[in-house]
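With these hints in hand, go ahead and build the complete structure from the sequences.
Quick note: the sequence shown uses our numbering, first residue -6, plus one each step.
No wet-lab data here; the hints were simulated from the structure. A hint or two may mislead.
Straight-line Cα separation of at most 25 Å, DSS-like style, residue types lysine-lysine; simulated pairs [to be verified]:
| no. | residue 1 | residue 2 |
| --- | --- | --- |
| 1 | K239 | K268 |
| 2 | K103 | K286 |
| 3 | K286 | K434 |
| 4 | K382 | K429 |
| 5 | K429 | K413 |
| 6 | K133 | K103 |
| 7 | K64 | K95 |
| 8 | K286 | K239 |
| 9 | K103 | K57 |
| 10 | K429 | K416 |
| 11 | K433 | K418 |
| 12 | K64 | K286 |
| 13 | K434 | K421 |
| 14 | K434 | K417 |
| 15 | K434 | K418 |
| 16 | K268 | K335 |
| 17 | K416 | K434 |
| 18 | K416 | K433 |
| 19 | K404 | K418 |
| 20 | K68 | K286 |
| 21 | K33 | K68 |
| 22 | K335 | K286 |
Pair by pair, the computed Cβ-Cβ distance ranges are [as the list claims (entries may be wrong)]:
| no. | residue 1 | residue 2 | range |
| --- | --- | --- | --- |
| 23 | K404 | D384 | 37 to 47 Å |
| 24 | I359 | I174 | 34 to 44 Å |
| 25 | I70 | K404 | 34 to 44 Å |
| 26 | N171 | A82 | 38 to 48 Å |
| 27 | I359 | I70 | 37 to 47 Å |
| 28 | S201 | A405 | 34 to 44 Å |
| 29 | I174 | S201 | 33 to 43 Å |
Model, not experiment: these values are computed from the prediction. Here a beta-carbon is modelled for each residue, glycine too, at the ideal position from N, C-alpha and C.
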Amino acid sequence: MGHALIISDNDVINDIYIVNFSAYVATNVTIKKNHEEAIKLLEQNPSIDIIISLAQINSQPTAKLIYVFLKNNNKNIPLMSIGETRAFAEDVINISSVYNIKEIVRTVAKLLEITAKDMVIMPVPEYFPIPLKLFLTMSKVESDVFYRYSANPISHEYIRILEKGTKDIVNKVNIYLNQNINTLYIPAADRLRFINNASSSLITQMESQNVSTSERIDLVEQGLELITGEIFENKGVSEEVIKISKLCINSVQQVIRETNRFNELLNNLLKNKTKYVYLHSVLAAYVSTEMLKHISWGSDEQAEKISFVLFYHDIFLMQIFDAHPDIITEDELYFNKSLSEKERDVLINHARMAGEVICSFKQIPIGSDVIIKQHHGTSNGMGFAAEFKDDISPLSKIMIIAEEFVIDILKARNKKDKEKFDKKKSMKRLTERYTKNSYKKIVESLDFVSV
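Given below as structure tokens:
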């Protein structure tokens, strides 16, 4: 078994790397938080097969400092630097995104001389989770499907609910969907074949012209689930998933074009039992598109870009919302004390993480990673702004106002008495919160959004 030294102060990233190295390349991992800790370890001459370092930690050029130490001490250990667009030395392996797990694992496997065949047969959990809605794209299942019954947090029983070859999946799966069950399970050995089949089926249906608006809304959510699964299961982002991503963005724009009023779109989304992250993203895309029609610098290109951004901006929150089904909005998530330390860390950093992960995509709209990082008013994608300044992208400002406007609508609808949404009251609140003139002009454009 190999041994990797990871130099990173990001606990979320560390956990992702540990799981992947164990599952795919049978490699033990030692974590050090900075270059000083790493050098102290290396001075003891441990058996290390590869060093993987964030390019920078706390403004220090961490990977470069490790490189200098290795050269000065004649240590011939491969070094991988992560987080910069260019390598600082020819003999350093450079990967620009911390979330390009596929390339990181592939490189480690190559250095350790582990073949693709070796990686396939490495042990994984017996059952693999699949978002329930992905089953809705398939005409039949190619493996047994299980429901996980949990008597308590540490005891699980997997009950087979569909046999391999079962057809008429939709009616059977909807029984569980109507009970607010979001995940089913398949044998882990079948996971790659399932994802491939689900991807192909989804692409075929999304490319079809004979799809209703309601069906297209559902297909896009399934696409988002599949893309999220690909990112979180750390297989990287394949060409097929990038194709699904583009189809999803185009479908969102098509749905918006075909929808005459906000409430029509909202009712369609609620009818499909849409999860909050997707519900909120599509509604905010609709509102943003309408706003841009009445802003002097608005254009179709800007509308396309903001649809892309809104599709991905909260992708790292999806699993947190799944784990806390009683939480309705992001505001509630932020103030909820039941979140674990790791979940809270993801919440604080989700804008930065989403901005970084889309950089591993090919041909993203220019500046979309920056807009995603700024969608809570901070320039670095970390935390939530207390004071909203002018030093962020104009599209980020549109996004901030559109999202808050949608939250006001959803809060009114979620109240027990389903009170009527007061648009003027919402706009007044937004004007009082966002006091800079650039924001006020954006708020004024809400006048033209039919709610």
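Now for the hints, and whether the structure bears them out:
The straight-line distance between the Cα atoms of K239 and K268 is roughly 20 Å, inside the 25 Å bound, and the hint therefore holds. For the given pair, K103 sits about 51 Å from K286 by alpha-carbon distance, which is inconsistent with the 25 Å threshold. As the CA atoms of K286 and K434 are separated by approximately 13 Å, the hinted pair is consistent with the 25 Å bound. Taking the CA atoms of K382 and K429, the gap is about 7 Å. The hint holds against a cut of 25 Å.
Straight-line distance between C-alpha atoms of K429 and K413 comes to about 29 Å, which puts the hinted pair past the 25 Å bound. A threshold of 25 Å between alpha carbons decides the hint, and for K133 with K103 the separation of about 37 Å lies outside it, so the pair is violated. Our distance criterion of 25 Å between C-alpha atoms is broken by K64 and K95, whose separation comes to about 28 Å. Note on K286 and K239: the hinted pairing holds, with a Cα-Cα distance of about 23 Å set against a maximum of 25 Å.
Taking the CA atoms of K103 and K57, the gap is near 23 Å; set against the 25 Å cutoff, the hint holds. A C-alpha spacing of about 21 Å is found between K429 and K416, which places the hinted pair at or below 25 Å, so the restraint holds. The hinted pair formed by K433 and K418 meets the criterion: a straight-line CA distance of about 15 Å does not exceed 25 Å. At most 25 Å may separate the alpha-carbon atoms for a hinted pair to count; K64 and K286 exceed this at roughly 58 Å.
Proximity of K434 to K421 is assessed by CA-CA distance (about 13 Å); at most 25 Å being required, the pair is judged to hold. At roughly 15 Å between alpha-carbon atoms, K434 and K417 fall within 25 Å of each other, so this suggested pair holds. For the hint pairing K434 with K418, the CA-to-CA distance comes to about 17 Å; that is within 25 Å, so the pair holds. In summary, the hint linking K268 to K335 is supported, as the alpha carbons are separated by about 22 Å, within the 25 Å threshold.
The suggested pairing of K416 with K434 holds, with an alpha-carbon distance near 16 Å, which does not exceed 25 Å. Taking the CA atoms of K416 and K433, the gap is near 15 Å; set against the 25 Å cutoff, the hint holds. Taken as a hint, the K404 and K418 pair is honoured in the structure, with Cα atoms around 13 Å apart against an allowance of 25 Å. For the proposed pair K68 and K286, the alpha carbon gap of about 60 Å is over 25 Å, so the pair is violated.
Between K33 and K68 the alpha-carbon distance is near 14 Å, which keeps this suggested pair within the 25 Å criterion. For the hint pairing K335 with K286, the CA-to-CA distance comes to about 40 Å; that exceeds 25 Å, so the pair is violated. Separation of K404 from D384 is about 29 Å and departs from the stated range, judged on CB atoms against 37 to 47 Å. With their beta carbons about 40 Å apart, I359 and I174 fall inside the hinted range of 34 to 44 Å.
Between I70 and K404 the beta carbon distance is about 54 Å. The supplied range of 34 to 44 Å is therefore violated. A C-beta distance of roughly 58 Å is found between N171 and A82, which places it outside the suggested range of 38 to 48 Å. For I359 and I70, the Cβ-Cβ distance of about 38 Å falls inside the hinted range of 37 to 47 Å, so the restraint holds. Between S201 and A405 the beta carbon distance is about 36 Å. The supplied range of 34 to 44 Å therefore holds.
Between I174 and S201, the C-beta spacing of about 28 Å breaks the proposed range 33 to 43 Å.
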